[in-house]
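J.: Going down the list, the sequences are from chains A and B. Per this note's numbering, the first sequence starts with residue 29, numbered consecutively. Per this note's numbering, the second sequence starts with residue 1348, numbered consecutively.
No lab work stands behind these hints: they were computed from the structure. Take these hints with a grain of salt, some might be off.
Unchecked claim - In the DSSO-like style, the derived pairs of lysine-lysine whose C-alpha atoms are separated by at most 30 Å in a straight line are:
no.	chain 1	residue 1	chain 2	residue 2
1	B	K1682	A	K178
2	B	K1522	B	K1682
3	B	K1559	B	K1682
4	A	K178	A	K196
5	B	K1522	B	K1506
6	A	K144	B	K1449
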Amino acid sequence: MAMDVVDYEIFGNEMQYVEVELDPGEAAVGEAGVMMYMQDGIQMDTIFGDGSAQQSGLFGKLLGAGKRLLTGESLFTTIYHNEGSGKRRVAFAAPYPGKIVPVDLSTVGGTLICQKDSFLAAAKGVSLGIAFQKKIGVGLFGGEGFIMQKLDGDGMAFIHAGGTLLEKTLAPGETLRVDTGCVVAFQPSVDFDIQYAGKIKTALFGGEGLFFATLTGPGKVWLQSLPLSRMADRIVMASRVVQGGGGKESTSLLGGIGLGSLLGDDD
Amino acid sequence: MSDAPISARYYPPSGDAHGHPALLRWEGGHLLVAPEDSEVLRIRAAALRAEARGFNHSQWAIAWPGEGGEHLLIVADAAIAPLRAVAPTLFAAGAHTQRRTKRHFGLGVTLLILLPLLLIAGIFLAVEPLADRVVEHIPPSIENQIGEAVLARTRLDSKLIEQGPAVDALQLIGKRLARPGENLRFYLAERSDINAFAAPGGVVVVYSGLMKQAGSAEEVAGVLAHEIAHVELRHSLRQIVRSAGLRVIVSALFGDYGALGGWGARLGELKFSRDAEREADARGLQRLAEARIDPQGMLRFFETLARSENKATSAVPTVFSTHPATAERIDSLRKALATPVPGTVERIAANWDAVRQALPDTKP
């Protein structure tokens, strides 16, 4: 299965977009809703499933679409072909502040496991699958849930990390303890597990949750400094509209736990 | 095995985190490792250890001790088959880990799906015992409140007959039925349905249709004894609480009975179980005996009603539409009455023909 080789360029600092150059006949797959612009000559085509060659027949397509539904993505992906005679460009923009990570799947062994909403775009032929997190504990407390996204192929894929990106290659046996929400992607050779934070006090008042994710090498991991959920929490907390936010940071020790709503009567 | 080499990633002990692509081949009890940019390594099978690791244990780590530390190979599960074929013992432990992971996952998913279902089932099962707990602790003030609510609703639905021979007769029956110190209040509602019910708090409501249908004061007394028994045995309260729903029950458990009062108003629509009916019949007979009222009246009224039921007219008496298997109950009543009640019976001094004539002719 030959992948389309795409040239790309990433623009911007904190709010990035990636511009992909397609030769005549080449194509790229984009997550629905991330396209920013495209040049004349590029045809947009919405397909059922992910557009990888693996999905032949109606059943295969349905299965692929069903899996996408599970990961919370839309049933359809959009393919951008270059039907023109020269090189043409299409750009995909990151949905929130962060970094776009270009990953050449052939250099990471052909497979990448990502957090389910991090995928942005890829060369046509990269298959977007789902991988169930089969370690129950990790699935429940790992911050990413049971459903991860699996990218297979040997072309370029673009994933998105919130905030600042840390790309780290772990040596065999090297372990990194990570806040569960900060894992963006890792090679399948990396052991992803969870570890109990150990102290109830830390868990309740330290604001870090009960568990860490532990990543053990060998293999490459991509971490984000700002998970979208964390930013969303802060925005909601700061909002005047949402009850209890008060429009300011809570100064009370217990303010964040919602003690008021716990004890308050519903009348 | 096929001779095609297996691609892997080789991590020498030097601490090189990136590793090198390598090709593997099995040859004469040795593993040949050919890293991309260094010379071929030849390792004895006995020195090798293998374990499943990585995401979902989908990767194999093959390690062996060597100069300067441990050498490591990472091979994808999909590529390992030829090696597993020639050295099954090496991979046995790892394969076990992989199977266990899968099994645990299956188990976990099943549990995740089952738990909410179990919880819902548990709540449904818990309603009855919880309701019974609440019933044990309902204070008299709430019973009175329920009685008042029933009365208020009856007043809303139908006119109460305040005077006349029928009311006098009813009061007479009531005086005979009430035990010393028992506060029972009897009301006659102008409705053609053949119905009567007793509410907690001592409120007893009789529909004029029932009085009209009954052949004597003893028959009415029989029915009322039965209805009062329901209250005495707290059947009505239990049914009220059960139909009130979990939210009301839980608040009642914590002492807030307020919401129960409103529910009591639906007393007329309650259905009791067959066991409850039997119990109420027995207790009713006991009350009749204590009051020295002829218990045959109860039986006679049941028989009259069974006959009208058999006629399959539109006027199925409401009082028994909810009471299952009238025939069966008549049978057990007959059996209970076969042995004569000790003591004498005393007629209720009411001119029943006058009572029936005084009642309004409300044909449905």
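J.: Next, verify each hint and record whether it holds.
T.: Hints versus structure:
1. B/K1682 <-> A/K178: 78 Å, violated
2. B/K1522 <-> B/K1682: This hinted pair holds, its Cα atoms lying about 28 Å apart.
3. B/K1559 <-> B/K1682: OK: B/K1559 and B/K1682 at ~28 Å, within 30 Å.
4. A/K178 <-> A/K196: With Cα atoms ~19 Å apart, A/K178 and A/K196 stay inside 30 Å; holds.
5. B/K1522 <-> B/K1506: With Cα atoms ~23 Å apart, B/K1522 and B/K1506 stay inside 30 Å; holds.
6. A/K144 <-> B/K1449: The given pair, whose Cα atoms are some 21 Å apart, holds under the 30 Å limit.
Figure legend: structure checked against the earlier numbered hints; the only hint not met is number 1.
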